[in-house]
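So the chains spell out like this:
Protein chains: 2
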Amino acid sequence: MPAANTLDETHDPALRSWVDSANLPEADFPVQNLPFGRFIRAYPEGAASAPALGVAIGDHILDLSAAAPLMGGARLLNTAWSQLAAGDLKGYMQSAPAIRRAVRVALSRALRVGSELADNLRPHLVPMAQAAMVMPCAIGDYTDFYTGIHHARAVGQLFRPDQPLLPNYKWVPIGYHGRSSSIVVSDTPVVRPNGQKPVSDGIPVLGPSQRLDYELELGAFVAQGNPQGQPVTMAQAEQHLFGVCLLNDWSARDLQAWEYQPLGPFLAKNFATSISPWIVTMEALAPFRRPFVRDPGDPSPLPYLHSQSNSDAGAIAVDLTVSLQTEAMRSDGLAPAELSQSEYPSSAYWTLAQLVAHHTVGGCNLQSGDLFGTGTLSGPSAQQAGSLLELSQGGRVPFTLPNGEQRSFLQDGDSVVMQGRCRASGFVSISLGQVRGTVQAAPAGV
Amino acid sequence: MPAANTLDETHDPALRSWVDSANLPEADFPVQNLPFGRFIRAYPEGAASAPALGVAIGDHILDLSAAAPLMGGARLLNTAWSQLAAGDLKGYMQSAPAIRRAVRVALSRALRVGSELADNLRPHLVPMAQAAMVMPCAIGDYTDFYTGIHHARAVGQLFRPDQPLLPNYKWVPIGYHGRSSSIVVSDTPVVRPNGQKPVSDGIPVLGPSQRLDYELELGAFVAQGNPQGQPVTMAQAEQHLFGVCLLNDWSARDLQAWEYQPLGPFLAKNFATSISPWIVTMEALAPFRRPFVRDPGDPSPLPYLHSQSNSDAGAIAVDLTVSLQTEAMRSDGLAPAELSQSEYPSSAYWTLAQLVAHHTVGGCNLQSGDLFGTGTLSGPSAQQAGSLLELSQGGRVPFTLPNGEQRSFLQDGDSVVMQGRCRASGFVSISLGQVRGTVQAAPAGV
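Protein chains in written order, with my numbering: chain A, 1 to 446; chain B, 1 to 446.
Note that these hints are calculated values from the structure, not bench results.
Where hints are given, some of them may not hold.
Copies of the same chain are indistinguishable here, so a pair counts whether it falls within one copy or spans any two.
[Said to hold, decoys possible] In silico SDA-like links for lysine to any residue, alpha-carbon gap of 25 Å or less:
#	residue 1	residue 2
1	Lys197	Ala129
2	Lys170	Pro204
3	Lys170	Pro208
4	Lys170	Arg290
5	Lys170	Pro44
6	Lys197	Ala138
7	Lys197	Gly379
8	Lys170	Gly445
9	Lys170	Gln308
10	Lys197	Gln230
11	Lys197	Leu76
12	Lys197	Gln228
Quantities reported herein were computed from a predicted structural model and do not represent experimental measurements.
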């Protein structure tokens with residue numbers, strides 16, 4: 001059993017925090033969560049702080065630039081606290097798993113009711129309402145996988161009704177390299193891309209994408225890396241995972257259809273990818289680990305993609321939703337309308353550990369802070385679709401929103417909101433927070 | 001006419017350097033070249049210096065960590081010299097084009113015969129034989145294009161004899177995102193990847209690639225970036241280019257064939273990409289700019305990919321060669337045997353400026369130090385092939401080396417050497433140097 005799956009005192013459902021908002025029912029960030037993020041504090045006089053790392057607790061952020069030096073504890077943790085205080089999340093991600101677990105225990109003890117540090121730490125709590133979240137770290141390489149089997153089948157059905165899943169799908173964790181520079185944190189506006197679109201006589205024109213879509217994914221951050229030429233085995237894979245977030249892989253379907261042969265998606269994806277600001281650590285996810293079960297008819301994975309611990313607890317249970325708020329809904333004060341629900345991991349054919357093992361089997365080196373996307377996590381039914389391409393059946397069947405508006409693909413002013421929550425009987429549920437993005441009009445006159 | 005194409009005193013063929021080796025006929029690095037690289041100096045006692053930026057001159061390197069502070073000159077250049085002294089090539093890449101041109105003029109004056117700085121700079125010349133080259137900068141994002149039309153046609157012919165070029169080829173500069181972390185500098189050994197290979201009954205096995213190949217490409221480094229959502233026009237594109245190098249896009253053809261549908265190459269490419277250590281700047285390439293000419297039957301590029309200056313001088317003339325030295329040849333003291341010659345830009349369907357404009361047209365943000373690959377630069381004839389896939393006709397027709405050995409694909413111990421040189425009547429020719437890599441055996445027991 002990988003160490004990251006181990007339950008400890010930090011998962012005790014009886015724990016309550018001296019930050020009251022963390023104890024509310026269904027709080028996103030109870031003391032059992034403790035995700036890491038980076039924020040800028042806005043001061044009333046209009047100034048802003050430098051970016052700092054923080055831990056979410058209730059509706060506040062514990063500012064680690066000030067709080068980490070107060071944590072004390074074992075000398076073994078000194079480097080970790082220094083990295084966290086300095087804002088060096090990538091450095092911290094390289095810590096040994098035992099260090100990361102010990103930091104979590106220390107943060108839990110510091111933030112729970114009865115902590116001796118409460119009075120010292122209280123001045124370093126920042127209300128989330130006074131903070132702007134920024135990217136948690138600079139992402140070196142971003143890899144987007146295609147583990148959502150229901151999505152792969154549904155999309156394949158649109159293009160290849162006789163063979164929705166390609167012959168390699170159940171053998172190879174399909175993935176491709178994405179664009180790192182254009183990954184943005186939640187609430188960053190997303191500009192509709194211009195691009196080439198084929199017209200009826202086979203000659204393309206340049207113009208705004210008319211088939212702009214979202215894709216509901218989880219993101220996973222790499223902890224320690226591996227040296228080039230030295231694969232990571234399934235037995236080691238979990239310790240190379242740092243934590244997860246929500247990810248919206250914005251996609252321009254019309255650009256994609258024209259450009260993707262023979263080398264895959266390019267401009268259809270690289271204008272923007274949005275992630276939620278808080279990284280929920282693998283340690284926090286321990287209560288939500290599940291056996292990873294394949295259908296009986298599916299082939300056994302090749303040995304380099306198999307381990308008993310992965311079969312026993314390789315999966316993570318996350319309930320996911322996608323909601324949409326149009327500009328008209330926003331004007332009318334209407335909340336985002338839920339478009340779909342799906343659940344991880346039943347939506348995925350491969351676990352995160354298998355993605356690590358596959359990515360490195362040929363010798364590719366991972367680095368701390370690299371990001372994986374899972375691919376679109378649609379459920380088996382049409383109501384569980386993780387993209388508009390599926391919900392609107394390739395754009396052919398528009399759907400109606402509660403206020404009467406119709407959509408096939410995204411319009412300017414539309415906000416897409418993705419949320420995720422982990423639940424397990426006998427444990428306090430924790431949230432991944434949300435990733436939200438609003439579509440802005442394409443630049444004119446390109 | 002973009003400023004980078006402008007001839008100035010630094011291109012004068014009469015210039016000679018006080019570093020004698022720079023004046024030899026066909027020297028790689030005459031005073032007209034002045035490429036940037038990063039090196040580590042090895043001292044006789046076994047110690048090594050920290051990495052520093054340098055400029056190649058003859059068979060020496062001018063150590064900019066020591067030399068840049070001595071350059072003096074206009075105050076406008078102070079920041080640039082500080083960045084170069086500090087080893088911050090990415091910072092320097094963000095300089096305005098006028099600054100980069102002025103730095104080049106200052107370096108040329110400092111290194112030419114008659115320089116008043118010669119005595120001060122001479123102590124900071126490091127013999128190349130006492131230096132190890134390292135990566136010139138950390139590469140944020142790496143994009144590999146597919147501009148080599150003869151390669152695209154030859155490879156397409158192998159897989160789709162009835163339609164070698166796909167319908168989008170002459171409209172879209174096809175490209176995909178590559179892996180940044182595994183880009184290595186010349187002379188770094190390349191470990192043969194293990195990966196999934198389909199066997200006859202449709203079930204794959206894991207094992208070493210049996211169809212390991214090289215691809216002859218040019219690399220281009222991005223100078224200034226662009227903000228996300230703000231495309232770079234053709235009129236601006238040249239100033240976003242910093243310089244070029246040689247690039248070997250190692251490719252595992254058997255892994256690629258099995259994995260690449262539907263999202264493109266992944267493990268078949270991401271185990272390693274090798275680049276030459278010296279970045280030859282766009283300013284140095286001015287004498288070798290050429291009109292960019294399309295076949296009369298080819299469609300006009302869409303307006304966002306067209307500019308008069310690109311038609312007039314968008315191309316760069318580079319003569320390219322690939323050579324192979326097997327382990328047996330090395331043991332017998334035989335030099336690498338030349339496998340093919342080709343020439344840029346006649347091998348390419350798009351210019352570098354067009355790649356910048358296309359990459360950003362949807363809003364994707366480029367960053368200083370990003371790397372583009374051109375794609376495989378094969379000539380129109382079989383003898384000008386830039387990959388073994390083409391030379392061996394898909395592996396079906398092995399070729400014979402001068403010592404009698406045969407090859408279809410690369411064997412362990414094979415060294416691949418790529419070289420490039422720019423020539424123009426009335427100017428001193430300059431070299432891109434070389435990129436060399438030797439194949440090591442795949443790890444056992446994966």
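Hints, verified against the model:
1. Lys197 - Ala129: Answer is neither; intra-copy 42 Å and inter-copy 53 Å both fail.
2. Lys170 - Pro204: between (35 Å within a copy, 11 Å between copies)
3. Lys170 - Pro208: between (36 Å within a copy, 21 Å between copies)
4. Lys170 - Arg290: Within one copy, since 21 Å is at most 25 Å while 49 Å is not.
5. Lys170 - Pro44: neither (55 Å within a copy, 55 Å between copies)
6. Lys197 - Ala138: neither (32 Å within a copy, 34 Å between copies)
7. Lys197 - Gly379: Intra 30 Å, inter 30 Å, cutoff 25 Å: neither.
8. Lys170 - Gly445: Between copies only: 23 Å across, 45 Å inside.
9. Lys170 - Gln308: Within one copy only: 19 Å inside, 50 Å across.
10. Lys197 - Gln230: Answer is between: at 19 Å across copies they meet the 25 Å cutoff, but 42 Å inside does not.
11. Lys197 - Leu76: neither (57 Å within a copy, 45 Å between copies)
12. Lys197 - Gln228: Between copies only: 21 Å across chains, 39 Å inside a chain, cut-off 25 Å.
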